[in-house]
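Asker: Full structure from sequences and hints, please.
Residues in the sequence shown are numbered from 1 upward in steps of one, following full-length UniProt numbering.
The hints are simulated quantities; they were obtained by calculation from the structure and are not laboratory data.
Careful: at least some of the hints might be erroneous.
No farther apart than 27 angstroms at their CA atoms in a straight line, the calculated lysine-lysine pairs in the DSSO-like style are these [what the hints assert, rightly or not]:
(1) Lys268 <-> Lys201
(2) Lys201 <-> Lys256
(3) Lys327 <-> Lys256
All values reported here derive from a predicted model rather than from experimental measurement.
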Amino acid sequence: MSEQEDSDHIAMWGAPGSGKTTLLAALSFALLQRRGPWRLVGTDPASIEILRDKSAALARREFPPATIDIERFRWLLLGDPVQLQKRFAGRFNGKARTMPAPRVGLNLIDPPGGVYTDKERPADHAKLLENLQRSRGIVYLFDPIREFEDGNAFEYLHGALIQLASRMLAEDAPSDGRLPHYLAVCITKFDDRRVLETAEKLNLVTTDPDDPHGFPAVDDENAQTLFHNLCDISASGSAEFVMGALEQYFRPDRIKFFVTSSIGFYLKPGTRGFNPRDYQNMVRKPQDGTNGREPSTEFEIRGQARPINVREPVTWLAEQIYADQLKPGNGR
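Answerer: Encoded structure:
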């Protein structure tokens with residue numbers, strides 16, 4: 001991987017249990033769901049093996065194991081210049097221009113959630129901050145269910161933001177004092193009944209006319225409204241400060257919100273349409289020795305994983321980074 005690709009990569013951010021590992025597994029599925037200009041390839045044997053193993057677990061309807069140690073994923077998003085030519089043509093004032101083959105580093109470090117604080121594992125925390133600092137795009141995962149139960153999103157976000165801003169400003173202070181990254185805010189677990197019902201009460205739910213299953217969805221332009229409302233039910237009451245922190249440290253025109261689900265909604269075998277009375281795809285495993293009568297504390301995926309809006313945040317970031325690479329004077 002070139003020095004340019006190593007610096008122009010995408011990083012991941014999220015509190016413990018926000019679904020980082022599952023989203024990574026779902027990403028390869030999501031890129032195959034629809035034909036698009038981007039495909040994902042590993043750059044070393046370890047990254048290829050990790051992607052294969054985590055995706056295989058999801059295909060078996062198992063949640064990938066939570067991260068214990070820092071795992072580094074060195075992938076590349078390779079784009080089709082023919083498909084992207086039309087999308088970027090307006091940036092060149094209608095002039096014909098031969099576009100280089102898009103190559104955006106996807107150097108995702110998947111750390112244990114606790115690494116977002118430097119109290120227990122300072123060395124790993126420093127590696128994470130370095131990864132965020134060198135990145136140009138960040139996928140930030142906000143888990144509304146975990147926030148409702150634990151209320152720790154602001155704690156994990158704010159401390160790291162302060163340190164990241166300090167590092168960036170010491171190196172090369174932007175004129176507006178904000179971080180230069182593009183930020184994709186992913187509201188996770190849309191498949192959970194509580195999240196879906198909140199969106200329904202706000203009249204934000206729609207369906208994609210091209211979706212043969214008619215699954216519920218929230219348009220990207222309405223995702224921020226859902227985010228604000230979900231922050232109001234934080235267990236600690238501090239989630240309302242998350243939006244303020246994001247707007248204070250990042251440029252508002254570089255923030256985009258997405259409503260996502262790594263596993264999607266349950267679809268009964270033999271049926272094609274979404275059933276509003278039977279859609280929960282994450283269920284508790286039966287407890288051993290109880291003949292299935294008692295649920296355990298572990299969860300499993302009930303049916304086939306059908307990721308929702310997992311591909312879009314990553315490809316949006318890739319396209320913003322690629323557009324910057326095409327700007328005059330950027331060596332491209």
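Asker: Is the straight-line distance between the alpha-carbon of lysine 201 and that of lysine 256 27 angstroms or less?
Answerer: holds (22 angstroms)
Asker: Hinted pair, alpha-carbon criterion (27 angstroms max): lysine 327, lysine 256. Please report holds or violated.
Answerer: holds (21 angstroms)
Asker: Given the hint that lysine 268 pairs with lysine 201, test it: the Cα-Cα distance must not exceed 27 angstroms.
Answerer: Given pair lysine 268, lysine 201 holds - Cα atoms ~26 angstroms apart, limit 27 angstroms.
Taken one by one, the earlier hints all hold for this structure without exception.
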